[in-house]
Amino acid sequence: MKSTQYSEKVLDHFRKPRNVGVLEGEDVAVGRVGNPVCGDLMEIYIRVKDNKIIDMKFKTFGCGSAIATASMITELAMGKTLEQALTITRNDVASELDGLPPVKMHCSNLAADALKEAIKNYKSMKKNEVAATQKNDQAIRNIAGEYDFLNKGVFHKIDEYSSFNDKRTIIVDNGEKTAQAAIEISKYTPRVVLVTHLRTLSVKSDLKIMLNKTDVKILYESRIIEIKGVNTVEKVLIHDLNEDEKYELFVDAVIIL
Amino acid sequence: MSIYLDYQSAKPVDPRVIQAMQPYYYERFGNPSSLHAIGDHATEALENARGIIADFINAQAKEIIFTSGATEANNLAIIGYAMRNRKKGNHIIISEIEHISIHNISKFLEKNGFIVSKVPVNQYGEVTLQKIIDRITKNTILISIGWANNEIGTIQRMADIIDLCREKNIVLHSDAVAAQGLLKLDVGQNPIDMLTLSSNDIYGPSGVGILYLKNDTRINPIIIGGGQENGLRSGTENLPGIIGMAKAAEITKVEMTEETERFLKYRDRLIKETLDNIPKSYLNGHPSRRLPNNAHFRFSGIEGESLLLSLKDKGIDVSTGSACSSKTLEPSHTLIATGLLHEEAHGSLEITYGRFTTEKDIDTLLDVLPGVVNNLRKLSPLYKEE
Numbered sequence: 068m069k070s071t072q073y074s075e076k077v078l079d080h081f082r083k084p085r086n087v088g089v090l091e092g093e094d095v096a097v098g099r100v101g102n103p104v105c106g107d108l109m110e111i112y113i114r115v116k117d118n119k120i121i122d123m124k125f126k127t128f129g130c131g132s133a134i135a136t137a138s139m140i141t142e143l144a145m146g147k148t149l150e151q152a153l154t155i156t157r158n159d160v161a162s163e164l165d166g167l168p169p170v171k172m173h174c175s176n177l178a179a180d181a182l183k184e185a186i187k188n189y190k191s192m193k194k195n196e197v198a199a200t201q202k203n204d205q206a207i208r209n210i211a212g213e214y215d216f217l218n219k220g221v222f223h224k225i226d227e228y229s230s231f232n233d234k235r236t237i238i239v240d241n242g243e244k245t246a247q248a249a250i251e252i253s254k255y256t257p258r259v260v261l262v263t264h265l266r267t268l269s270v271k272s273d274l275k276i277m278l279n280k281t282d283v284k285i286l287y288e289s290r291i292i293e294i295k296g297v298n299t300v301e302k303v304l305i306h307d308l309n310e311d312e313k314y315e316l317f318v319d320a321v322i323i324l
Numbered sequence: 162m163s164i165y166l167d168y169q170s171a172k173p174v175d176p177r178v179i180q181a182m183q184p185y186y187y188e189r190f191g192n193p194s195s196l197h198a199i200g201d202h203a204t205e206a207l208e209n210a211r212g213i214i215a216d217f218i219n220a221q222a223k224e225i226i227f228t229s230g231a232t233e234a235n236n237l238a239i240i241g242y243a244m245r246n247r248k249k250g251n252h253i254i255i256s257e258i259e260h261i262s263i264h265n266i267s268k269f270l271e272k273n274g275f276i277v278s279k280v281p282v283n284q285y286g287e288v289t290l291q292k293i294i295d296r297i298t299k300n301t302i303l304i305s306i307g308w309a310n311n312e313i314g315t316i317q318r319m320a321d322i323i324d325l326c327r328e329k330n331i332v333l334h335s336d337a338v339a340a341q342g343l344l345k346l347d348v349g350q351n352p353i354d355m356l357t358l359s360s361n362d363i364y365g366p367s368g369v370g371i372l373y374l375k376n377d378t379r380i381n382p383i384i385i386g387g388g389q390e391n392g393l394r395s396g397t398e399n400l401p402g403i404i405g406m407a408k409a410a411e412i413t414k415v416e417m418t419e420e421t422e423r424f425l426k427y428r429d430r431l432i433k434e435t436l437d438n439i440p441k442s443y444l445n446g447h448p449s450r451r452l453p454n455n456a457h458f459r460f461s462g463i464e465g466e467s468l469l470l471s472l473k474d475k476g477i478d479v480s481t482g483s484a485c486s487s488k489t490l491e492p493s494h495t496l497i498a499t500g501l502l503h504e505e506a507h508g509s510l511e512i513t514y515g516r517f518t519t520e521k522d523i524d525t526l527l528d529v530l531p532g533v534v535n536n537l538r539k540l541s542p543l544y545k546e547e
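Taken in sequence, the protein lines are chains A and B. Numbering of the first sequence is given in this note's numbering, commencing with residue 68 and proceeding in unit increments. Numbering of the second sequence is given in this note's numbering, commencing with residue 162 and proceeding in unit increments.
Hints in this document: simulated from the structure, not taken from any laboratory. Treat the hints with care, since some could be wrong.
Pairs of lysine-lysine, PhoX-like flavour, derived with a Cα cap of 20 Å [claimed, not checked]: (1) Lys545(B) to Lys124(A); (2) Lys284(A) to Lys545(B); (3) Lys295(A) to Lys279(B); (4) Lys275(A) to Lys545(B); (5) Lys441(B) to Lys254(A); (6) Lys441(B) to Lys284(A); (7) Lys473(B) to Lys83(A); (8) Lys76(A) to Lys475(B); (9) Lys76(A) to Lys473(B); (10) Lys441(B) to Lys280(A); (11) Lys539(B) to Lys124(A); (12) Lys545(B) to Lys280(A).
With the C-beta cut set under 10 Å, the calculated list includes, among others, these residues of chain B facing chain A [stated by the list, open to error]: (13) Asn283; (14) Tyr443; (15) Ser483; (16) Glu505; (17) Lys539.
Beyond 12 Å from chain A on every Cβ pair, some chain B residues (computed) [what the hints assert, rightly or not]: (18) His197; (19) Gly200; (20) Asp321; (21) Asn381; (22) Ser395; (23) Gly396.
C-beta atoms are modelled at their ideal positions from N, C-alpha and C, and glycine is treated no differently.
Working from the sequences, and respecting the hints, build out all of it.
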């Protein structure tokens with residue numbers, strides 16, 4: 068079956084998704100699942116009262132079936148006790164939608180996982196920030212290839228921002244000075260990536276606002292582990308610490324200040 | 162009828178081509194290998210078609226080998242050349258953004274003792290000469306670089322690459338399927354060794370293609386049989402298909418200049434109005450060194466398959482580099498090679514148009530697109546409004 072051959076029910080939930088949005092409050096927990104390599108990202112919000120899910124919302128970045136499964140699970144779990152909701156499986160969601168194309172069963176059927184995550188977070192009443200920052204709060208380590216490519220695409224200092232003209236540039240986060248450099252370099256090239264092992268950048272809020280106005284792409288909780296190329300830098304190997312996934316990114320310049 | 166803006170995937174056959182082909186299914190059905198009159202007529206028609214197609218790229222008729230399409234022509238060029246010349250060396254260079262057939266042919270050769278290096282591209286999808294030079298060794302026998310990219314439409318500096326290969330005495334092949342009919346391909350002016358063309362990409366029937374093989378280039382056949390096509394491609398010729406391809410080449414040669422002017426107007430409107438009207442939208446590929454019939458975008462925070470589905474609901478057929486719409490669930494290798502992250506490649510929209518596209522079709526897309534993008538962004542956890 069082709070990926071676009073969805074059941075009428077999937078198409079209905081895609082066209083008219085139920086319960087889109089976010090929830091806030093002390094009785095709210097969120098389950099966030101996804102995969103930076105495959106690309107889908109899903110957030111399920113639950114509001115719980117007397118052990119029952121009394122409200123649910125979702126947001127999804129993904130294909131048609133990713134949107135439909137999220138929409139469907141909000142209908143399936145609403146009003147259920149946490150124990151009942153935990154029994155909802157990926158297969159339940161798929162069969163309620165009159166099936167998913169086989170190729171989508173794995174990748175775009177994250178809704179049940181996101182709900183379980185939300186319930187787990189509600190029960191422990193710990194927001195996942197705590198765990199995540201602890202896990203990744205380590206100093207910058209050595210990057211393989213850094214010295215092999217020094218001044219052949221790897222830069223330890225910046226003489227002229229304009230020398231990065233039209234270069235795909237990745238900058239390793241090191242506080243205010245690297246955030247500033249990212250903003251300056253983005254005036255010369257459409258492609259600037261700032262990579263940080265942290266969950267948020269530790270820079271002043273006005274700098275954050277300025278960064279948001281540029282097209283600088285920020286990779287959170289990620290680390291460059293290797294620089295590769297023939298004679299000059301061609302790509303970096305990135306480790307997504309949160310998802311423990313590794314992937315390659317094609318770049319022309321790596322700045323490590 | 163929906164509005165079709167996916168000419169890169171398949172093109173309709175020009176009605177004039179169908180008309181030219183029809184007699185060859187019944188009245189003139191002959192086999193060019195037969196010695197009787199109807200066979201002679203078939204030979205004449207076949208050689209006439211070969212001449213027209215040779216003329217289309219300014220080649221000699223004997224340099225044209227008919228195949229079952231571009232994929233076969235790519236196989237014949239690369240595997241055929243590699244096998245014939247393996248004593249000279251076992252190293253082949255391709256680019257990161259070649260058509261999937263070239264990538265998979267390379268994998269096949271790697272399993273058979275060859276070494277394949279891939280040349281990276283810059284953020285616009287251009288191969289730079291220095292990066293090819295960096296990879297050339299004394300064992301390099303063949304380089305294959307597509308004339309223009311089929312997804313993002315970037316046009317390579319082929320004249321420079323041809324010069325380099327001649328200087329280094331390395332044979333050069335180019336898959337020119339995306340470029341044909343849109344750019345002038347002249348093998349007299351640009352003396353390349355091997356060139357792949359497909360019939361459907363100039364509005365001919367699918368199932369036909371050619372490999373242009375310069376006079377002194379030696380290759381092995383990959384299909385063995387009755388020795389047709391000078392022994393390089395056995396099997397009874399697909400005469401109606403070949404007649405169709407020749408007719409398509411004849412029409413394209415006459416109409417190309419006017420057609421590409423019209424396409425350029427659409428392209429520049431599509432790019433300008435999309436980037437102007439949709440916040441956080443970006444162009445993939447090169448702003449000017451790109452095919453006239455290609456506009457390729459990405460929109461932050463949204464995914465390509467859901468964009469494709471939404472546009473389908475509005476009666477517009479497009480394409481995307483998103484993994485979610487591919488068989489393998491891998492994002493487009495071309496977009497990744499330009500330096501995009503997977504999530505960015507996911508948000509891409511590929512618009513390709515052609516001979517039967519009207520300005521009204523372009524208007525409709527431009528009207529609908531901002532609303533569709535906006536609706537999908539409301540669902541997205543990755544997009545925050547300013």
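Against the structure, the hints come out as follows:
With a C-alpha separation of about 17 Å, the suggested pairing of Lys545(B) with Lys124(A) holds against the 20 Å cut-off. Of the supplied pair hints, the one linking Lys284(A) and Lys545(B) holds, its CA atoms being roughly 14 Å apart against a limit of 20 Å. For the hint linking Lys295(A) to Lys279(B), the alpha-carbon distance of about 13 Å falls within 20 Å, and the restraint holds. For a cut-off of 20 Å, the pair hint linking Lys275(A) to Lys545(B) stands: about 14 Å separates their Cα positions.
Only pairs whose Cα atoms come within 20 Å are accepted, and Lys441(B) paired with Lys254(A) is accepted, the gap being roughly 16 Å. The suggested pairing of Lys441(B) with Lys284(A) holds, with an alpha-carbon distance near 12 Å, which does not exceed 20 Å. For the hint pairing Lys473(B) with Lys83(A), the CA-to-CA distance comes to about 15 Å; that is within 20 Å, so the pair holds. Note on Lys76(A) and Lys475(B): the hinted pairing holds, with a Cα-Cα distance of about 18 Å set against a maximum of 20 Å.
For the given pair, Lys76(A) sits about 17 Å from Lys473(B) by alpha-carbon distance, which is consistent with the 20 Å threshold. Among the hinted pairs, Lys441(B) with Lys280(A) is consistent with the structure: their alpha-carbon atoms are about 10 Å apart, no more than 20 Å. Simply put, Lys539(B) and Lys124(A) have alpha-carbon atoms about 13 Å apart, close enough for the 20 Å limit, and the pair holds. In summary, the hint linking Lys545(B) to Lys280(A) is supported, as the alpha carbons are separated by about 12 Å, within the 20 Å threshold.
Interface hint status for Asn283(B): upheld, as the beta-carbon distance to the closest one in chain A is roughly 7 Å, under 10 Å. With a cut of 10 Å, the hint placing Tyr443(B) at the interface with chain A holds, because the nearest CB-to-CB distance is about 7 Å. At its closest, the beta carbon of Ser483(B) sits 7 Å from a beta carbon of chain A; the interface hint therefore holds under the 10 Å criterion. Hint status for Glu505(B) relative to chain A: holds, with the closest Cβ pair at about 8 Å, below 10 Å.
A cut of 10 Å between beta carbons decides the hint on Lys539(B): the least distance to chain A is about 7 Å, and the hint holds. Annotated as non-interface, His197(B) keeps its C-beta farther than 12 Å from every C-beta of chain A; the closest such distance is 47 Å. The claim that Gly200(B) lies off the interface holds: its Cβ sits roughly 43 Å from the closest Cβ of chain A, which is beyond the 12 Å cut-off. Taking the minimum C-beta to C-beta distance to chain A, about 18 Å, the non-interface status of Asp321(B) holds against the 12 Å cut.
Annotated as non-interface, Asn381(B) keeps its C-beta farther than 12 Å from every C-beta of chain A; the closest such distance is 30 Å. With a least CB separation of 34 Å from chain A, Ser395(B) remains clear of the 12 Å interface cut-off, as annotated. No Cβ of chain A approaches the Cβ of Gly396(B) within 12 Å, the least distance being about 31 Å, so the stated non-interface status holds.
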